[in-house]
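Asks: The task is to assemble the complex, starting from two chains supplied on their own in separate frames and drawing on the hints.
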Amino acid sequence: MAGPKRIILFFCFGLCCFLGLYAWDVRTGRLTRLASLSGLEIVGQVLYPGVWLRDRAVQFVDNYLALSSVSVENARLTEELGALRRKLLDAGEDQLELFRLRGLMNLPDVPPWEKTGARVIAGRFGPQAMLTSVILNKGFLGGALPGAPVVTPQGVVGRVLHTAPHSSTVLLITDPSFRVAVVGQESRARGILFGSGEGNPLLVQYVDPQTNMRPGELLICSGLDGIMPKGVPAARINVARYDKNALFPHIAATPLADFSRLEEVLVLIPPRGTKPDELLYEPFGSVDVLPDFAGALEQEMDDGAADGGVR
Amino acid sequence: MWRGALWWGGYLILAIWLQKFFPGLDALAPACIICLQEESRERSMIFLLFCIIIQEGAGTFPFGLSIVWYSLIMLMYYVGQWFFMSGNFMFVAALSLALGLGRLIVAQLAFFLHPLRPDLPALLAACALQIIFTPPLWLLGYKSRSVLRAQR
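Chains as they are written, first to last, in the working numbering: chain A, 517 to 827; chain B, 77 to 228.
Accuracy of the hints is not assured; some may be wrong.
[Stated by the list, open to error] Stretches of chain A that chain B covers, calculated by requiring three or more beta carbons in the stretch to come under 8 Å of a beta carbon on chain B:
1. 603-616
2. 676-685
3. 734-744
[What the hints assert, rightly or not] Sample of chain B residues at the chain A side, in silico, Cβ under 7 Å:
4. 98
5. 100
6. 102
7. 132
8. 138
9. 198
Think of the hints as simulated: they come from the structure by calculation, not from any bench.
For each residue, glycine too, the CB sits at the ideal point set by N, CA and C.
Bound-form chain B, shown alone (with noise of 0.2 Å):
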């Protein structure tokens, strides 16, 4: 148990390091796939609620994108799931493309929304290191909580 809590509680901090130094890069998502993936419900809610809140708190936007966003990452979970073994790494990097072409989705209607003009090519960079860095960042996590789990 208080196992599992430090590993989440460890990797919350690393993320919150690695968006320092990659801006625009949401480095909880692929903790949110390896949620998604173990299947524990109460987990998935109480971490996703977690991620909202980091990153609505320290966004620029008025509340709300961050639920788009995070039932965006939800919904092609399980779109691909109903396709493809969702434990592999080929199912997560093809996942981390349609999430970068999500991320310019939720751009789109929070621009939309707001009469604000959007800086488009910090917007697309922050794209690009969604879909480079989701892969490794998810392989990371997944392969420790492997470990974890097999010295349970």
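Okay, chain A solo, but in the shape it has when bound (with noise of 0.2 Å):
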């Protein structure tokens, strides 16, 4: 009988102890900080050199081996670029009136997010990334936050969520945990955007029944979250059904970002003078990881450091 009564002893300490040190971590968030700047520093630094040299080669087959291509995409490119250079021009005016008009009706300046340059360097790893994530080769000494938005030219990829020195994890938009305020650039009508899972199209929630989102707008952060800045395109409707017996409209919507062929991202910086506690992410409650990480990346950016490009 000893045996067994030793047993069932050891496991009911081993529950209390690991329960104890559970419930410590979700309110101060210590241990997990420990292993994001251990654990997820080794992942990067294991990662970095194989992902380096590979672009490398790309980049070599892309410079020496196949010029055949180049002619016919510098002349596309010479096309695109007379074409960008006509709207940057029209774009030019109007910016001017926007800003002589927000002066006339003393509406306040938006001071500009700073981005930063970063490569994903693997995609969900390991059996504890039960959330939809990547790691990118930039962490807290970069720029990369917790909590800070991380986009493409596209639009809205995810939140960084854990962050080492050098690496962090991003939580992406497809998640099923993921949720941004968003707005239709042309109806102007609000909804929550949410992930449903690789592969799956975001679903748009609390939509008022009375606006008239249609397939085919763009869907751009709101800003009312007080997480993405405003005005990040996020999405494109491609499903918008109104049912008069429904409390709310089905609105389905398709990220603009390609997460199947994510290499490069931008972090995005908020601007100096933000209190950090309206910047951080808090999916698992009050964890308390931001000041020290404030403080070193302040401290990096008066050195000069934060180069804002791609390492």
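Replies: Here is the structure:
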């Protein structure tokens, strides 16, 4: 009888220790931070040299061996550049008018967010990565603070979840736990954009049934959640079904960022003067991890080390 | 001594790269089984600590679930050892099947403790990967460890 009793006692003791440790960590986040600083950094340092070598090999092939398509691409890019220049010229006048009107109406200026490039070095990694995520080669020393928005030139990618000195984990917009406040670019109808798993369309919920969202309309971040800057494109509506008997319309959208070919992203750094707690995203409750990182980043930027490019 | 350290270091790097290419796979689990089979308590503890730090660091949940996961591996291994010869391939194949189901239990616990929604297809794919990859990785590790020991 002594054997089973000892096993049960050992099990109960272990369970109590684990639950105590777990509850303490959920409250303080210290062990999670320690694991990120060590484990995530090790993973980043092991993976990055291989990713760097692969990039160099691809670059070599592109630069020296695949020259046949360069002239065709050059012609296409020149044409695109001309069209964009014309567009920019038109937009320049509109922008000046906007600034004049803002000044007349005493609307406050929105300080621009800084951007820093980062490379995706791994996708969902390991058994504990149960949320849809990627690992970046940039950590809090490079500006990837917890909660910082991550975008591509096409649209929203996600938000930084955990961060180490030179690596960070990003929760993707397609994860069922992800949500962001959006507004229709034309209809100006507000809603909350939810992920619904890899390869599935995003869902827009809590949209006023009196509004008129249509397929093809662009959804942009409204900035009301205090995390994403206003105006960043997030998704394009592909289904908008208004049912008289339903409380809210059914709206499905496709993310603008191409997750199957996600290689480089931009991490957005909030304007200076923004309080860190306005940025912090807390998916697991109060995790006090930002102040130290913000200090480290501030110092790094003051030293001029934040280069703004992809490492 | 240094050969052993080199082997464990090499396996760690191989496992990290495998986990990059196979989302959700725990490529360190087969090495944990080898550790337990070699019955070196200190080495097992050190290696398990390494596994926990790496998986927790790169994971998306708060610290703690890896402890449950690796405890589950140890528990299943010792329970299995009561009934079967622990050194053969069929034992590890049965253990990997149990580990695949164990992954679902740990995931259920994770999503029970946090009000987040699981991506079920991705989770099931990770369980399937665990079942498929554990036996060959264990075999690779076990054979190479045998060669290493024979050279000593």
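Asks: Hint by hint, note whether the structure agrees.
Replies: These are the hints, each one checked on the structure:
Only when three residues or more bring their CB closer than 8 Å to a CB of chain B does the claim for the region 603-616 of chain A stand; here the count is 0, and the claim is violated. Evaluation of the coverage hint for the region 676-685 of chain A: fulfilled, as 4 residues show C-beta separations to chain B shorter than 8 Å, against a requirement of three. Residues of the region 734-744 of chain A lying with their CB closer than 8 Å to a CB of chain B number 0, which falls below the three-residue condition for coverage. A cut of 7 Å between beta carbons decides the hint on residue 98 (chain B): the least distance to chain A is about 10 Å, and the hint is violated.
Of the supplied interface hints, the one on residue 100 (chain B) holds, with its beta-carbon coming within about 6 Å of a beta-carbon of chain A, less than 7 Å. The beta carbon of residue 102 (chain B) is positioned within 7 Å of a beta carbon in chain A (closest approach about 4 Å), and the interface hint is therefore held. About 4 Å separates the beta-carbon of residue 132 (chain B) from the nearest beta-carbon of chain A, less than 7 Å, and the hint is met. At about 5 Å, the closest approach between the beta carbon of residue 138 (chain B) and any beta carbon in chain A falls short of 7 Å, and the interface hint on this residue holds.
Checking residue 198 (chain B) against chain A: minimum C-beta separation of about 6 Å stays under 7 Å; hint holds.
Of the numbered hints given earlier, the model fails hints 1, 3 and 4; all others are met.
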